[in-house]
Amino acid sequence: MPSRSLFRLAVAGSAATLAAAGAVSLAPSAQAVSSSVVISEVYGGGGNSGAVHNSDFVELYNLSGTPVDLNGWSVQYWSANGTTAQRTPLSGTVAPATSFLVKEASGANTSATPLPTPDVVGTIPMSASGGRVAIVDPSGKVVDLLGWGSASTAEGSPAAATSNPTSVARTSTCTDTDNNSVDFAVGSPSPRNSAAGQQDCSPTPPDDGTVATVAQIQGSSHTSPLAGTKVKDVEGVVTAVKSSGFWIQSLTPDGDDSTSEGIYVFTRTAPTVKAGDKVSVVGTVAEYRPGGSGGTTNLTTTEIDGPTVTVTGTAALPAPVVLGVDRVAPQQTIFAGDPGNIELPGVPFEPAQNAIDFNESMEGMRLALKDARAVGPTNTRYGETPVVPGQNVDAVNSPRGGVVYSSYAHPNAMRLILNDSLVKGQIGAANVGDVFSGTTTGVLDYSFANYTLVATDPGMLTDNGLQREVTASPRGNEMAVATFNVENLAPSDPAEKYSRLAGQIVTNLKSPDILALEEIQDNSGSRNDGTVDSTATSDTLIAAIKAAGGPAYEAKWVNPNNLTDGGQPGGNIRQVFLFRTDRGVWFVDKPGATANTSTDVVGTGRGTSLTQSPGRIDVGNAAWDNSRKPLVGQFSYNDRSVFVIANHFASKGGDDPLFGRFQQPVRGSEAQRHSQAQVVRGFVDKLLAADPNANVIVLGDINDFEFSRTSDILVGSGSSALTDLPRTLPARERYTYVFQGNSQVLDHILLSRNLVRTMANKRYSYDIVHTNAEFHDQDSDHDPQVVRLPVQVTR
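Counting with the numbering used here, you get residues 1468 to 2262 for the letters of the sequence shown.
If you are wondering where the hints come from, they were derived from the structure by calculation, not from laboratory data. Possibly wrong hints are sitting among the right ones.
[To be verified] Straight line, CA to CA, 25 angstroms or less: simulated DMTMM-like cross-link-like pairs of lysine to aspartate or glutamate:
#	residue 1	residue 2
1	LYS1977	GLU2200
2	LYS2013	ASP1996
3	LYS1745	ASP1723
4	LYS2013	ASP2049
5	LYS1977	ASP2092
6	LYS1977	GLU1945
7	LYS2023	ASP2152
8	LYS1745	ASP1724
9	LYS2119	ASP2092
Could you build the full structure based on these sequences and the hints that come with them?
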C-alpha cells in the first residue's frame, strides 16, 4: 500500500519563538508584526543551472526609524520540512530604510553574476524552490520568519515557490502583515547591500479583503481565480467538521452547475463551530495539494486559510446533490484529450464531458448516493471503500459486482472513495458487490489522488453474499499449473496468514501440480540484515499446506543478491516454484545457478534443455535493475519437458494517477516492463527456435493489463505467438486485482502454441480464482489463477 503520510503545501501558521539561537525547531506561537528588521528577499538558486547570481542570499531591511545593531543576531535556515536549522551569525549595523545583504553558499555556475559586496558572508546552501528563513535576535526571539514553497511553517501561508532564476521578495519592503503569501512575490533576484543607501518606501495600506461568495472563490476551473487573495464576508452554513477545519456551503447558490457552492475552511486546530451554524468567514484563498500517493501529481483543493469566523445564526443544511439522480457523472471519461496540466489557465473545464471536472464542480458540497455499490473492498486500516451510485452506472460490470478496467479509455470514472473518518464505527467493512442500502450522505473532498465522499450519514451496509471461489479439481489426465502473488510472505507473518494461504492453495486452488509463487521474502523478512535465503519462508508454507490436508510440495528457487530486486527494503522478494511429485510431475534439476548467473537454452527438438534449472534469465540486463529476475524451471511431465517461466515485473508505482492533474496520465513505469517483456520474449523465442513444439508456460505478476503493450510484447506474433489466457475470457471476467474501484488484470498465464493446439479436441480449463482481491479480509491483494492441461501432449 502507498504511504498515507500527509504534508500541506498551503499551510497557515505564525512565526515561532526559538528556544535558543542555534539549531532548534520552529514551534508555532503568536507574534506581532516586526517593527525593526524584516526579511526583504531570499534567493536559493545561486550558482545552479540557469541561475541569475552565483550565490544564494538573504536580504534584510530596517523598517524602523533608528539604526539596529545586529551583533549577536543570526539568520537561520531550515529546509521546507526540516527540524534542524543552519545558522549564519550577523554583525554590524543596518541603518533605517536600508538593506543588509547576507551572502550564503555559492554554486558551480561560475558564469552567473556575482552578488554586490555582501555585508556578511555565510555558507548555507538553500533550496532553490522552498524553505524557511528566520531572523533571530540575541535573546533567541524570532524577529521575522519567511516560509515559501512547500514550507511546513510560515507567517500566515507560505509564499509561492521559486526556481533557479527566481527569488521571493517583499512587494513593499516596509510592509509586514505577518502573512508571507500576501507580503511576498516571486520575481527576478534584485540583491541590495547596505551601500545601496536608503529606499523610499510607502507602506501598503492594510487589506481588509474582497467580498466574495463561495462560488466566486471556487470558479469554473480546478484552481480558484482568487487564489492568494484575502476575502471577507464569505457566507454559508457549516455542513461538516473535522479536527483541523470545517466545510461550509452557500445558502444562496448562483445556479451555475460548474461552480461549487462548498469550500473547506482550514483552521489548523479544532474549530469551535458545529454543523448547522451560519457563519461569515474572513481569510486568504489557498490551493492545498495533498501529499501521500501521487504527491505533486495530485490535484489541489481550494480552501480558506488563516480564517476569522463569525457565527451569525443557524440554518438547515442544503439538500445534497444525489449522484446518479440529480446529476450523472460522465460514465467512462475522466478527461478527454491531452491537455497536460489541467490546472493551467486556458484548459477547457467541461463537467458534462469530463468526470474529473464534474467532481471538481461539486468540491466541498454535500452529495448523496442511493444504494451505493462497493466496487472495491473496504481498506479497514483507513476506513475507505470505493463505491459507485446505485443508479445510472454504464460500465463493464463484473459478474460479482465490480467495475472492470477494460481499456485505458474506459476506467471506472464514476467511482468515489467513501471515507468513514467522521463516522467511525458506523460503516461496516464491505466486499465487492455489497450495497450501502438507502442514502449515504457526505461532503465531497479529494485526497490521495481520488475524489472522496467524507460520510456524515452512511447508509446501511447490506451483505451481497460474495463467496470465495473454488476451482475444479484436475482430472486424472490433467496437469494443473497456477500462479499466486502471496504479498510479502515472511516467517514473521502470523500463523493465521500461512494457514489461510494454505487453505486457499488446498481448497480453492485444489492443490495444483506446479505453483509459481511471487513475493516470497527471505528468512528475516523485511529486516535489512543481509539475509537472502528463503528456506524458512517456503518450508513454513509447505508445512501449512500439509497441515491443511494438502500434498508434500517441494520447492525450487534462486536466492537474489541483497537489496537488488526491489520490493520491501530488506525483504529480498523472489519467485519460488512449488511442485508435487505425487502426481507425476518431476523437476529437471540442473544445479549451479546463482544470483549472478544466467541460464540458457541448449539442445534441439525433444533434447531442448536449460543450462541451469532452476535458473534466472539474463540477470545482467538493465531491464532488471531493482526488479525481480525471471525464474525458469524445466519440469518433466508424462515424459515431456515443460518449461515454466515465473515472473514478477516492475511495479506501476510512480505512474500518474487517473484522477491527477496531468491528463492523460503518464505511465512512466511501463518502459521498464516493456524491456522486461522483451527479455522474457527473447528467451521464449530461444526455446521455440530450438524446438518449435516446446511446451512453454509464462506466468506470474506482470504488473500490467491484458490490453497493455507489455502483454503484446510477451504474446509476440506469428507461429511463435503465445496465448494470453486472461484475453480468452469474456471482458467482464478479466481481473485478478482490484485497485481503487477498478477490477483489472495484473497477473497472467501465457501458453505456447503446442500447449494450445494439442487441445483442440480436449480443451484446457482456465480459471481466475477470486479469493482475495474483492474481500476486505484478504490474505493477499492478488487473486490466484490456474490452468488445467490435458496429459496427452503429443508431437
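Going down the list of hints, with the structure as the test:
no.: 1; hint: LYS1977 <-> GLU2200; result: holds (21 angstroms)
no.: 2; hint: LYS2013 <-> ASP1996; result: violated (30 angstroms)
no.: 3; hint: LYS1745 <-> ASP1723; result: holds (22 angstroms)
no.: 4; hint: LYS2013 <-> ASP2049; result: holds (13 angstroms)
no.: 5; hint: LYS1977 <-> ASP2092; result: violated (36 angstroms)
no.: 6; hint: LYS1977 <-> GLU1945; result: holds (13 angstroms)
no.: 7; hint: LYS2023 <-> ASP2152; result: holds (24 angstroms)
no.: 8; hint: LYS1745 <-> ASP1724; result: holds (23 angstroms)
no.: 9; hint: LYS2119 <-> ASP2092; result: holds (15 angstroms)
The earlier numbered hints that this structure contradicts are 2 and 5.
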